[in-house]
Amino acid sequence: MGMISDFLTARRLRKGPTLLLPYAPDPATLLETVRLHDPQAGPYGRGFKIGENVELRGPIELSPELAARAGLPAGWAAAFFARNIDSEAGGDFARPSLLVRGLAERLGGREHPECQEPPEDLAEVTGGRLIAVDEVIGLLADDVPGLAVTTVTDAGTTLLTSAESPIEVFVTEWDADDVTYELSADGGYGTDVPAAARRAALAIAERTGGVARDHNGFLVTG
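Everything in the sequence shown is counted per this note's numbering, starting at 53 for the first residue and increasing by one.
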């Protein structure tokens, strides 16, 4: 029975998305971090349940033998895997990967298999009020210098771009009480760009009363 269990665990870890950590995290700290992605997340079986259909299971102690069997890089102490509980239930099938990626960034870990392409969508602010474009430009002058209006569409979207930064800002006014601020960038940008986008999103959220989330759906808290 143990051999079968080890085989199934190794196969699940190999398939991913798997969170690799150099330590076994404190359960309370882990849950607090998971709740940045889903405030309603809670204990579920041998891990946590996120949303209606995602399970994060672990921690799983990574012996050298298990890591090798699962095709994982050496040197990691603990692992978690995320999955859709019911593969036929529908919903957001990207969420397990987003969850693992965000936890790896916050807990000093690594996602397996690693995502090779940097995200284009970096951060988003929802639930805030509309502010003037000039106010957005001034507010983001430190993190996204040189912003200027490039396009205004009939659908209510204003695009701001900069010759000094790869970050683009989309301001979409769906109606008087529904405004979205999206920050994105084309591929090939430097490692400092996502952090700059998060700071910019947080500044917008604080000014407009909205909620800022990063590209993995985690709350941006500063």
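Simulated from the structure, these hints should not be mistaken for laboratory data.
Please note that the accuracy of each hint is not assured.
[What the hints assert, rightly or not] Across the chosen pairs, the derived CB separations fall in these ranges:
#, residue 1, residue 2, range
1, Gly123, Asp194, 50 to 60 angstroms
2, Thr203, Gly242, 21 to 31 angstroms
3, Ala120, Ala200, 47 to 57 angstroms
4, Ser115, Arg181, 48 to 58 angstroms
5, Leu118, Glu172, 46 to 56 angstroms
6, Gly190, Leu118, 29 to 39 angstroms
7, Pro197, Glu169, 23 to 33 angstroms
8, Ala120, Thr205, 48 to 58 angstroms
9, Gly94, Arg181, 17 to 27 angstroms
Source: prediction; values computed, not measured.
Each residue gets a CB set at the ideal place from its N, CA and C atoms; glycine is no exception.
Evaluation of the provided hints:
Between Gly123 and Asp194 the beta carbon distance is about 43 angstroms. The supplied range of 50 to 60 angstroms is therefore violated. Here the CB-CB span from Thr203 to Gly242 is close to 25 angstroms, well matched to the stated 21 to 31 angstroms. Taking the beta carbon of each, Ala120 and Ala200 are about 54 angstroms apart, inside 47 to 57 angstroms as hinted. In this structure the hint that Ser115 and Arg181 lie 48 to 58 angstroms apart at CB holds, the actual value being about 53 angstroms.
The supplied range of 46 to 56 angstroms is broken by Leu118 and Glu172, whose beta-carbon atoms lie about 35 angstroms from each other. Gly190 and Leu118 have their C-beta atoms about 54 angstroms apart, which leaves the hinted 29 to 39 angstroms range violated. The beta-carbon spacing between Pro197 and Glu169, approximately 26 angstroms, falls within the hinted interval of 23 to 33 angstroms. The hint said 48 to 58 angstroms for the Cβ distance between Ala120 and Thr205, and at roughly 53 angstroms that hint holds.
For Gly94 and Arg181, the hinted distance range of 17 to 27 angstroms is not satisfied, since their beta carbons lie about 32 angstroms from each other.
Checked against the numbered hints above, the structure violates hints 1, 5, 6 and 9; every other hint is satisfied.
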